[in-house]
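> With the hints as your guide, set chain V onto chain W.
Which chain is which? The protein sequence lines are W and V, in order. The letter at position 74 of the first sequence is residue 74 when you use our numbering, and the numbering goes up by one with no holes. The letter at position 329 of the second sequence is residue 329 when you use our numbering, and the numbering goes up by one with no holes.
The set of hints was computed from the structure by calculation and includes no laboratory data. Cβ atoms here follow ideal geometry from the backbone N, Cα and C, with glycine treated the same way. Do not take every clue at face value.
Here are the computed lysine to aspartate or glutamate pairs in the EDC-like style, where the Cα-Cα straight-line distance is at most 20 Å [claimed, not checked]:
1) V:Lys-270 to W:Glu-15
2) W:Lys-29 to V:Glu-35
3) V:Lys-33 to W:Glu-33
4) V:Lys-278 to W:Glu-49
5) V:Lys-41 to V:Glu-22
6) W:Lys-29 to V:Glu-34
7) V:Lys-196 to W:Asp-57
8) W:Lys-55 to V:Asp-217
9) V:Lys-33 to V:Glu-230
10) V:Lys-278 to W:Asp-47
11) V:Lys-215 to W:Asp-57
12) V:Lys-247 to W:Glu-48
13) V:Lys-278 to W:Glu-48
14) W:Lys-29 to V:Glu-230
15) V:Lys-279 to W:Glu-49
16) V:Lys-270 to W:Asp-47
17) V:Lys-286 to V:Glu-315
18) V:Lys-286 to V:Asp-312
19) V:Lys-33 to W:Glu-16
20) W:Lys-55 to V:Glu-230
21) V:Lys-279 to W:Asp-47
22) W:Lys-29 to V:Asp-217
23) V:Lys-270 to W:Glu-48
24) V:Lys-41 to W:Glu-49
25) V:Lys-67 to V:Glu-309
26) V:Lys-33 to W:Glu-15
27) V:Lys-279 to W:Glu-48
28) V:Lys-247 to W:Asp-47
Incomplete in silico selection of chain W near chain V, CB under 10 Å [stated by the list, open to error]:
29) Asn-30
30) Leu-31
31) Ser-35
32) Ser-36
33) Leu-37
34) Ala-44
35) Glu-49
36) Ala-53
37) Leu-54
38) Lys-55
39) Asp-57
40) Asp-58
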Amino acid sequence: MELQEFITNFASQFEETDPSVFTKDTIFKNLDEWSSLQALSIIAMVDEEYGVALKGDDIRSANTIGDLFDIIKNKK
Amino acid sequence: MAFLLIRNVKIAGISACVPKREEFCSDFPLFLKEESLNFSKTTGVISRRIASPGICSSDLCYHAADKLLFDLQWNREEIDCLVFVTQTPDYHLPATSPLLQKRLGLSENCLALDISLGCSGFVYGLGVITSLLSHGNIKKGLLLSGDTISKTCSKNDKTSYPLFGDAGSATALEFQGGGDFLFNLKTDGSGSNVIKIENGGFRNPTNYDSFKEIKIDEGISRNKQQLILEGMDVFTFGISKAPASIKELSEHFELNLESVDYFIFHQANKFMNEKIRKKLNLPVEKVPYSIERFGNTSCATIPLTMVTEMRDKLENNRLSHIACGFGVGLSWGSVYFETDKIVVSDLVEI
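Here chain W stands alone, though its shape is the one from the complex (with noise of 0.2 Å):
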């Protein structure tokens, strides 16, 4: 599971948001596009990506994008 990897995947669940503002310290909850359907987006994504279950409070816990990424590979 490479870093890069997964904040591109991260980025690509934005419609809005340009791509190149991503990055493993941006922190997302911060972003004007970024809302709990939004949350929805990821855990969908990290599911089938990564094959791993995020709960609510995983999210609630993670501030950037590292965070989020550090608590999946944990997770695996």
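Below, chain V without anything else, positioned relative to chain W:
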């Protein structure tokens, strides 16, 4: 493992009833314009039917059943079994099924019981009533499945109120040679907190504190007698357990999914249901939706979808179906069954 094979029971007819009052998500005051479009695009819900304070789940089910019995021309004296699935009963006690037995004019010889399950309730209810009928002593039974779940939602909670609608349903079943029902029923109580009403039962009785509205987040305020829906957790649960449940059912009973005509899912949220559909590689035309016009109506979604989206096909053809319900409990299940030109009543509106 709760795999059940139940023989010699058939569905004779099905009906549903909804309140006349329609509420559109675009009119929900907590949504900004773009937010409501986004909500409808993701969840699929455009409008729901909302019960006024005087309409209970039992009223919706009564009218659905009354119409269906008339259309079937069944003698009410012959119905010896009534199963009522709801999480919004008339009273704490008595159970609501005896009230429905009386109101529908069924005889004293009728077995009546309530089942307290939500999203999985129709599938579980079918499991219970087909088991009772398969003995052969009881020839005819009614499964009533309905909720007025909108009444449990806070109008200040954008994560629940715009998603849910109210509906009741009636399914008439009879002991008759040839019909098989195949079930896979499952439970995980470790997820009991993700869809919950905390106060008002006997663990946490209603108290002064129960009425206090608490702000959870922007656009999410509710009191402790109102529904908590942890959407992200429910989503993770649904996209993993529902497809697995159907796969297990098909493997255990050696069913070929490609030869099944329809897959009728609990109408949870279109985004979630589409993930489930895609995981199972099911073609769009085999997976009907009623969520656009009715929202998530808890234990009524599957029969409501059959009545509103599949009527002509059910009335004119022999069909095979897999239905799958998943949610509050956590509880989930899938069932394979066949229908052969059943009676489908007009949608009743009260």
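> Indicate, hint by hint, whether the structure satisfies it.
Now for the hints, and whether the structure bears them out:
1. Restraint check for Lys-270 (chain V) and Glu-15 (chain W): satisfied, since their Cα atoms lie roughly 19 Å apart, inside the 20 Å limit.
2. A C-alpha spacing of about 16 Å is found between Lys-29 (chain W) and Glu-35 (chain V), which places the hinted pair at or below 20 Å, so the restraint holds.
3. Distance check on the hinted pair: Lys-33 (chain V) and Glu-33 (chain W) sit about 14 Å apart at the alpha-carbon level, within 20 Å; holds.
4. Taken as a hint, the Lys-278 (chain V) and Glu-49 (chain W) pair is honoured in the structure, with Cα atoms around 14 Å apart against an allowance of 20 Å.
5. Proposed proximity of Lys-41 (chain V) and Glu-22 (chain V) is supported: the alpha carbons are some 19 Å apart, at most 20 Å.
6. With a CA separation close to 18 Å, the supplied pair Lys-29 (chain W) and Glu-34 (chain V) stays within the 20 Å bound.
7. Distance hint between Lys-196 (chain V) and Asp-57 (chain W) is fulfilled; the C-alpha atoms sit about 17 Å from each other, no more than 20 Å.
8. About 18 Å separates the Cα atoms of Lys-55 (chain W) and Asp-217 (chain V), which keeps this hinted pair within 20 Å; it holds.
9. Our distance criterion of 20 Å between C-alpha atoms is broken by Lys-33 (chain V) and Glu-230 (chain V), whose separation comes to about 24 Å.
10. Taking the CA atoms of Lys-278 (chain V) and Asp-47 (chain W), the gap is near 13 Å; set against the 20 Å cutoff, the hint holds.
11. For the hint pairing Lys-215 (chain V) with Asp-57 (chain W), the CA-to-CA distance comes to about 18 Å; that is within 20 Å, so the pair holds.
12. Between Lys-247 (chain V) and Glu-48 (chain W) the alpha-carbon distance is near 17 Å, which keeps this suggested pair within the 20 Å criterion.
13. A threshold of 20 Å between alpha carbons decides the hint, and for Lys-278 (chain V) with Glu-48 (chain W) the separation of about 11 Å falls inside it, so the pair holds.
14. Between the alpha carbons of Lys-29 (chain W) and Glu-230 (chain V) the distance comes to roughly 17 Å, so the proposed pair stays at or under 20 Å and holds.
15. The suggested pairing of Lys-279 (chain V) with Glu-49 (chain W) holds, with an alpha-carbon distance near 13 Å, which does not exceed 20 Å.
16. For the hint pairing Lys-270 (chain V) with Asp-47 (chain W), the CA-to-CA distance comes to about 17 Å; that is within 20 Å, so the pair holds.
17. Restraint check: the Cα-Cα separation between Lys-286 (chain V) and Glu-315 (chain V) comes to about 17 Å, which is no more than 20 Å; the hinted pair holds.
18. About 14 Å separates the Cα atoms of Lys-286 (chain V) and Asp-312 (chain V), which keeps this hinted pair within 20 Å; it holds.
19. Simply put, Lys-33 (chain V) and Glu-16 (chain W) have alpha-carbon atoms about 17 Å apart, close enough for the 20 Å limit, and the pair holds.
20. At most 20 Å may separate the alpha-carbon atoms for a hinted pair to count; Lys-55 (chain W) and Glu-230 (chain V) meet this at roughly 10 Å.
21. As the CA atoms of Lys-279 (chain V) and Asp-47 (chain W) are separated by approximately 11 Å, the hinted pair is consistent with the 20 Å bound.
22. Only pairs whose Cα atoms come within 20 Å are accepted, and Lys-29 (chain W) paired with Asp-217 (chain V) is accepted, the gap being roughly 13 Å.
23. For the given pair, Lys-270 (chain V) sits about 17 Å from Glu-48 (chain W) by alpha-carbon distance, which is consistent with the 20 Å threshold.
24. Between the alpha carbons of Lys-41 (chain V) and Glu-49 (chain W) the distance comes to roughly 23 Å, so the proposed pair goes past 20 Å and is violated.
25. Of the supplied pair hints, the one linking Lys-67 (chain V) and Glu-309 (chain V) holds, its CA atoms being roughly 18 Å apart against a limit of 20 Å.
26. Between Lys-33 (chain V) and Glu-15 (chain W) the alpha-carbon distance is near 18 Å, which keeps this suggested pair within the 20 Å criterion.
27. Distance restraint check for Lys-279 (chain V) and Glu-48 (chain W): the Cα-Cα separation of roughly 9 Å lies within the 20 Å cut-off, and the hinted pair is therefore satisfied.
28. Among the hinted pairs, Lys-247 (chain V) with Asp-47 (chain W) is consistent with the structure: their alpha-carbon atoms are about 17 Å apart, no more than 20 Å.
29. Because the beta carbon of Asn-30 (chain W) sits about 14 Å from the nearest beta carbon in chain V, more than 10 Å, this interface hint is broken.
30. The beta carbon of Leu-31 (chain W) is not positioned within 10 Å of any beta carbon in chain V (closest approach about 14 Å), and the interface hint is therefore violated.
31. For Ser-35 (chain W), the shortest C-beta to C-beta distance to chain V is roughly 7 Å, which falls under 10 Å, so the interface hint holds.
32. Interface hint status for Ser-36 (chain W): upheld, as the beta-carbon distance to the closest one in chain V is roughly 6 Å, under 10 Å.
33. Below 10 Å, beta-carbon pairs count as interface contacts, and Leu-37 (chain W) has one with chain V at about 5 Å; its hint therefore holds.
34. A distance limit of 10 Å between C-beta atoms decides the matter here; for Ala-44 (chain W) the minimum to chain V is near 5 Å, and the interface restraint holds.
35. Below 10 Å, beta-carbon pairs count as interface contacts, and Glu-49 (chain W) has none with chain V, the closest being about 13 Å; its hint is therefore violated.
36. Given hint, Ala-53 (chain W) at the interface with chain V, holds; its Cβ is 5 Å from that chain's nearest Cβ, closer than 10 Å.
37. The restraint placing Leu-54 (chain W) at the interface with chain V holds, with a minimum CB-CB distance near 6 Å, inside the 10 Å limit.
38. With a least beta-carbon distance of about 6 Å to chain V, the hint placing Lys-55 (chain W) at the interface is held under the 10 Å criterion.
39. Given hint, Asp-57 (chain W) at the interface with chain V, holds; its Cβ is 8 Å from that chain's nearest Cβ, closer than 10 Å.
40. With a cut of 10 Å, the hint placing Asp-58 (chain W) at the interface with chain V holds, because the nearest CB-to-CB distance is about 9 Å.
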